[in-house]
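Colleague: Listed here are the chains, written in short residue letters.
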Amino acid sequence: MDKQPVILAFCCHYCAYAAADLAGSMRLQYPDNVRVLRLPCTGKIEVNYILAAFERGVDGVIVAGCLEGGCHFLEGNLRARKRVERAQQLLTEIGLEPERLEMFNLSSAEGARFAEIVTQMSRRLAQLGPSPLRPDPETVEQHVQQMTQQAEAALAGDAK
Amino acid sequence: MIVADRKSVPEIRDMIQDHQRVLLVGCGTCVTVCLAGGEREVGILGSALRMSLKLAGRGDVVVDECTIERQCEDAFIDLLAQRAGDYDAVVSFGCGAGVQALAERFPNMPVYPGLNTQFIGILEAQGVWTEKCAACGQCRLGEFAGICPITRCAKHLFNGPCGGSRDGKCEVNEDLECGWQLIYDRAKALGILEKLEAIAAPHDWSTGLDGGPRKVVREDQCIAGLGPKA
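Line by line, the protein sequences are chains P and E.
Numbered according to numbering that gives the first Met the number 0, the first sequence spans residues 0 to 159.
Numbered according to numbering that gives the first Met the number 0, the second sequence spans residues 0 to 229.
By construction, these hints were calculated from the structure, which means they are not laboratory data.
Among the hints, erroneous ones may be present.
In the DSS-like style, the derived pairs of lysine-lysine whose C-alpha atoms are separated by at most 27 Å in a straight line are [said to hold, decoys possible]: (1) 6/E / 43/P; (2) 131/E / 154/E; (3) 81/P / 6/E; (4) 194/E / 131/E; (5) 194/E / 168/E; (6) 187/E / 154/E.
Simulated DEER-style distance windows between Cβ atoms [stated by the list, open to error]: (7) 82/E / 138/P: 26 to 32 Å; (8) 218/E / 156/P: 52 to 58 Å; (9) 140/P / 39/E: 24 to 30 Å; (10) 98/P / 57/E: 21 to 27 Å; (11) 20/P / 145/E: 56 to 62 Å; (12) 131/P / 82/E: 28 to 34 Å; (13) 95/E / 74/P: 33 to 39 Å; (14) 10/E / 137/P: 33 to 39 Å; (15) 20/P / 129/E: 42 to 48 Å; (16) 106/E / 135/P: 40 to 46 Å; (17) 149/P / 145/E: 47 to 53 Å; (18) 192/E / 98/P: 57 to 63 Å; (19) 74/E / 135/P: 44 to 50 Å; (20) 145/E / 154/P: 46 to 52 Å.
All residues carry an ideal CB built from backbone N, CA and C; glycine is no exception.
If we strip away everything but chain E, and leave its shape as in the complex, we get:
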């Protein structure tokens, strides 16, 4: 899932300083699961923001909250569209995709981010999320025993480990596990250590953050003439 964490109350308050009626919009998908932008968190931030505005002498600003199932899909934004007209700004508590989906849907309304989108990751323990995928567009997990050298190795090495691996820890941070130690241990357990003897080819970064926003098109699913709503 996409993992995010919240911006501070003063930062959000400063972003909306030119507005009188503000709607905080939560998202019921990834950011609800990572406890950053779901219904409860938006309620907490809404309450905090109203108090902060009042203390700043702007108690007349209206701050309301609502949460939709998924901000990154236009069909779900339909549920918000009627209500949004009552406000002059929106703060999205979705990931960066959610913020931009709202901005595209409401071209005349300022949309601000309430969260800092961090990474694609998993729940490691209660309240702890860890990055697992860099969305490089060219998955090679099959070569590395299912452990990604881009996200798990601090140096993104495809032919590791480096000399900074000590007792399974990374020289960058003693609390950080060496990604290549993890790859080696898992490959050994799977009996595929010989796979690591081959020199891994350079990565094709052209499928990553290169050449503008990436797009996935499934021709068989496309319906001619039906694009995104205006």
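Same shape as in the complex, but just chain P:
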């Protein structure tokens, strides 16, 4: 477990999250070290969400939104890409490899593409090695679960 990279995937409800679901329905194999966190749109992503994930020790972050031109909210995915670029700039300043973070675009019909993205990112992170900010794997797992629960609660309208 401790040698497997932990990947947090911020997935848009309208595309990547459905694609991940489809990948499961299609019985596609992909690394099980990805933790999917659903967003109403990748336009919801903020730079501090991404940095908070790295600060809590995840090895890599995927932001997965709709195909360009296909955003349910018109331009949320375009805004997300710019925020991801800003976060990559900050990662460079911090001293972390910016390749640990990437934005992908896919449609809800692309279950195979989702599996491919996770596999590609998992391989890349295995080559880069674990994040130097990583505490023990159980703590990372707890942090990721907390973030996921908070996000789901916010989506359900339970957030205070």
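Position chain E relative to chain P; hints supplied.
Modeller: Quick look at chain E alone, frame taken from chain P:
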């Protein structure tokens, strides 16, 4: 508003190298609007700084964040005063006035700037701010159709344009609009072109960066015996 942008993470990390407990203080006024030093930006920088310190082998340094409504007014710093005692340094994410207001309020605590204060300007487009005012202390916008030749002309000419004005652009930078073209066009639209025929008098720079810090005093508003807090 006052426009600023952030310093790099390594620069801030190096500034606080001698401290163990550091408070990052945001400002809820101008720098929040220009997305440089408000609550969200301070949160981002705080996170980045903690990671950077950890990678530099200084993970034991405590970096916390808080944002007050306005750093340049002592009454608002009251909200910060109790908390500040728990730290041995402050990084201000306010403009230069905010940094100095904190330094005056906390004479025994090092205060560092987290931002580079740039200018007085306006939002030109989403994410783009442009300088409009040099705070020269002697406003003459009325003579120039409401467009400032000090900030808008690269040469600060009061009797322009110069020979470097081409197709409405400045010779200094082809992306830069010629300030005097803007003045001419607006004066023409307002029907006051004849105003530009007069030779503009030299500017009185004594009201600008001259003779130490400037001060504005409103005697009717002053209360005897009540100065700034110690």
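Colleague: Of the hints stated earlier, which fail here?
Modeller: Result: no hint breaks.
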